[in-house]
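J.: Let the hints inform the model, and build the full structure from the sequences given.
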Amino acid sequence: MRPGDTLRLTRAASPQFALAEMTVRVIGVLERHTYDGWLWIDAYQLGDTGDAVQRRELYLMPAGVQWVDPPRLTARRRPIRRTVLTVGP
2 MRPGDTLRLT RAASPQFALA EMTVRVIGVL ERHTYDGWLW IDAYQLGDTG
52 DAVQRRELYL MPAGVQWVDP PRLTARRRPI RRTVLTVGP
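Position 82 of the sequence shown, counting from 1, maps to 83 under the working numbering, and the rest follow consecutively.
Because the hints were derived from the structure by calculation, they are not lab data. Every value quoted in this text rests on a predicted model; they were computed, and no experiment measured them. Don't take each hint at face value.
As the list claims (entries may be wrong) - Cβ-Cβ distance ranges computed for the label pairs, FRET-style:
1) V85 <-> Q46: 40 to 48 Å
2) T50 <-> R3: 17 to 25 Å
3) P4 <-> T35: 13 to 21 Å
4) V30 <-> R78: 30 to 38 Å
5) R79 <-> A19: 40 to 48 Å
6) L31 <-> R83: 40 to 48 Å
7) V85 <-> G48: 39 to 47 Å
8) V85 <-> G5: 40 to 48 Å
Where a beta carbon is used, it is the ideal one built from N, C-alpha and C, also for glycine.
T.: Here is the structure:
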């Protein structure tokens, strides 16, 4: 598991996700003492559009996570409005 990975968390990853499955983008793996086969991650919870909606520290079993392709962002950049400037007399 590396920063930038996008994961779908379900009950297979941890019982805490039984009622509220979520998609997250990993920020990093935390160096905390855990039971064998479990780990702590720092991640952003992603909304329906793929935007980060909340930063979370999550305890999960990596064997139960589902790797997914990151959602495509629907927001587009606004075009830059350009004007002509005259310099000098």
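J.: All hints are to be evaluated individually against the structure, with a verdict given for each.
T.: Status of the hints after comparison with the structure:
1. V85 <-> Q46: 40 to 48 Å: holds, 46 Å
2. T50 <-> R3: 17 to 25 Å: Once the Cβ atoms are compared, 23 Å apart, the range 17 to 25 Å for R3 and T50 holds.
3. P4 <-> T35: 13 to 21 Å: holds, 19 Å
4. V30 <-> R78: 30 to 38 Å: The hinted range 30 to 38 Å holds for V30 and R78, with Cβ atoms some 32 Å apart.
5. R79 <-> A19: 40 to 48 Å: holds, 41 Å
6. L31 <-> R83: 40 to 48 Å: Hint holds: Cβ distance 46 Å, inside 40 to 48 Å.
7. V85 <-> G48: 39 to 47 Å: This hint holds: roughly 41 Å between Cβ atoms.
8. V85 <-> G5: 40 to 48 Å: For V85 and G5 the Cβ distance comes to about 42 Å; the hint holds.
Every hint from the earlier list agrees with this structure, and none is contradicted.
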